[in-house]
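Asks: Listed below are the residues making up each chain.
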Amino acid sequence: MDYFEASLRTALRLILSADSEVLLIALTSLRISLFAVLVACFLALPAGILLGMADFPGRRLVRQLLGALMALPTVVVGLLLYGLLSRKGPWGELGLLYTPWAIIIGQSVLILPLLIHSISTSVMGADPRLSLTLDSLGANLWQRGWYLMKETRLGILAGIVNGFGRAIGEVGVAMMLGGNIAGYTRTMTTAIALETSKGEFELGLALGGVLLAVAFVLNYLLLWLQKEI
Amino acid sequence: MSLYELRNIRHGYRGRTVLIIDHLLIEEASMTALTGPNGAGKSTLLRLLALLESPVEGEVRLAGEVVGPESRQRRQRIGWVMQQPYLFHGSVVENVMLGLKFRKVKKRRQRALAVLSQLGFDADPGRAAEVLSGGQRQLVALARCLVLDPEILLLDEPFNHLDRRAARRLESMLARWVEEKGGTVIFSCHDEGRARRLAGSSIALQEGRLVPGQGVNVFWGRCVGDRFVTQKIEMILPAPAKGSQAMVAFNDIILSLQPFRSSIRNRFQGTVAGMAEVNGKIQVTVLAGEQFECLVTRSAIKEMGLTVGQPVWINFKSTAIKIM
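Order-wise, the sequence lines are chains A and B.
For the first sequence, the working numbering begins at 1 and goes up steadily by one.
For the second sequence, the working numbering begins at 230 and goes up steadily by one.
Worth flagging that the hints you see were computed from the coordinates, not collected in a lab.
Misleading hints may appear alongside valid ones.
[As the list claims (entries may be wrong)] Partner residues aside, some chain A positions facing chain B, computed with beta carbon under 10 Å: (1) Arg129; (2) Leu132; (3) Thr133; (4) Gly138; (5) Asn140; (6) Gln143; (7) Glu151.
Every value quoted in this text rests on a predicted model; they were computed, and no experiment measured them.
Using N, Cα and C, we set each Cβ at its ideal position, and we do this for glycine too.
Construct the complete structure from the given sequences, taking the supplied hints into account.
Replies: Spelled out as structure tokens, the structure:
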């Protein structure tokens with residue numbers, strides 16, 4: 001118990017004193033995951049909105065498939081992308097492996113099904129009067145999509161925040177594609193896993209605390225946005 | 230010329246049929262009322278007329294052309310306001326400008342504000358649309374539709390949330406719109422009196438079907454021997470019959486202050502619930518178990534000293550009842 005308490009105290013000190021190593025790792029993590037969410041949103045917003053809008057025969061199947069992909073283990077995504085990005089792989093020439101870009105790609109792929117699924121769910125769950133009103137006012141496809149997104153923004157936002165949470169909290173992709181290079185691709189989760197195994201329990205604990213704080217801030221942000229917008 | 234023509238319409242949702250219309254014509258440059266109880270299919274019919282849905286079977290013709298949701302150009306000329314309008318996140322004026330924005334029309338704000346004031350919308354147009362009252366929401370939705378300068382106006386229960394003054398204002402505005410612009414208004418409404426007062430013609434729906442006789446003095450019930458029994462009254466028929474609707478023509482109803490001895494077998498005591506002028510005559514609404522409508526001349530009203538709330542008798546012969 002002494003060991004745990006002492007580690008906890010050290011971890012707290014590391015956080016409160018804004019320890020440069022903790023800060024660097026946390027910022028790298030945040031930067032990578034924010035970018036991954038941005039990239040995923042770029043694809044998921046149009047795809048999710050279209051999927052929510054278009055009532056075609058295979059839609060259910062597509063959504064079921066997305067649902068299954070949401071549960072994809074992070075190491076499987078890491079493994080597949082490793083195959084593609086490694087020197088011998090088809091995209092090996094790009095030299096992306098063990099760079100932050102590799103993690104960004106991996107995390108984007110990981111959260112893409114979750115984002116598309118939740119965005120389409122939001123659009124499908126919109127007030128049925130919304131679509132009829134847009135039609136009656138003469139909206140074209142783009143205008144329809146834009147206003148459906150605006151009017152279901154809370155659900156969409158919740159999905160995006162959820163996606164960010166999954167990206168920043170995952171370890172498989174970051175480990176396999178980033179390689180845990182200090183100051184470059186070392187994220188909070190890879191650091192926690194590796195530092196702890198090296199016996200640096202305090203640093204792991206401090207980063208765990210930061211990760212928890214990120215989760216709290218995200219939740220708070222979501223609640224605040226729901227009230228404000 | 231008929232503006233709309235509906236043929237062999239069968240429409241429904243998830244296998245449940247909610248509207249069956251064999252043939253229906255709606256005139257151009259006129260005001261038509263859609264009457265009927267809740268769930269009669271009025272809103273569904275309006276959605277078909279607004280080209281927002283395709284009938285499961287049958288065809289809707291607009292000015293002779295078969296139309297549907299794919300007829301976007303046609304739909305641009307139709308204004309549709311639903312019973313509980315959907316207002317977008319944003320201010321009142323932003324809501325009113327939305328259709329203009331979709332059509333990339335200039336001077337949107339100016340036009341939106343002009344229509345709002347024409348409708349007597351007295352709240353701040355910069356106010357968030359979400360906090361408006363039911364009546365104000367209705368006016369905003371109406372303004373959003375009128376600002377697009379449609380040729381056809383389809384209004385689902387437009388008077389529902391309006392107070393008396395706003396309803397009167399809307400009534401006269403619609404009448405003027407039809408007269409001056411030659412537009413066509415089709416509105417659904419619960420109030421038979423209002424429908425009669427305002428509209429040149431009316432379409433009555435009951436359980437998704439057209440009801441003959443414009444829905445006035447049409448009663449639902451069942452035949453028991455030579456009686457027709459509704460939930461509230463029992464009418465005497467000339468002979469045993471079969472059917473679920475009884476209809477009594479307007480002109481066959483005699484209004485009296487006292488019960489009188491005669492060969493008339495159907496007599497019901499009630500009270501005058503309303504009076505409205507229709508083509509020079511007065512339409513008197515009497516609540517006598519069921520709601521009866523009868524036409525009386527102005528001089529007869531004067532002679533009888535008829536006022537709202539007064540007890541009266543409704544009389545009609547058993548042969549005046551048509552069973553369907």
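Asks: All hints, please: hold or fail.
Replies: The hints, checked one at a time:
no. : hint   : result
1   : Arg129 : 4 Å, holds
2   : Leu132 : 6 Å, holds
3   : Thr133 : 5 Å, holds
4   : Gly138 : 5 Å, holds
5   : Asn140 : 7 Å, holds
6   : Gln143 : 5 Å, holds
7   : Glu151 : 6 Å, holds
The structure fails none of the hints (numbered hints given earlier).
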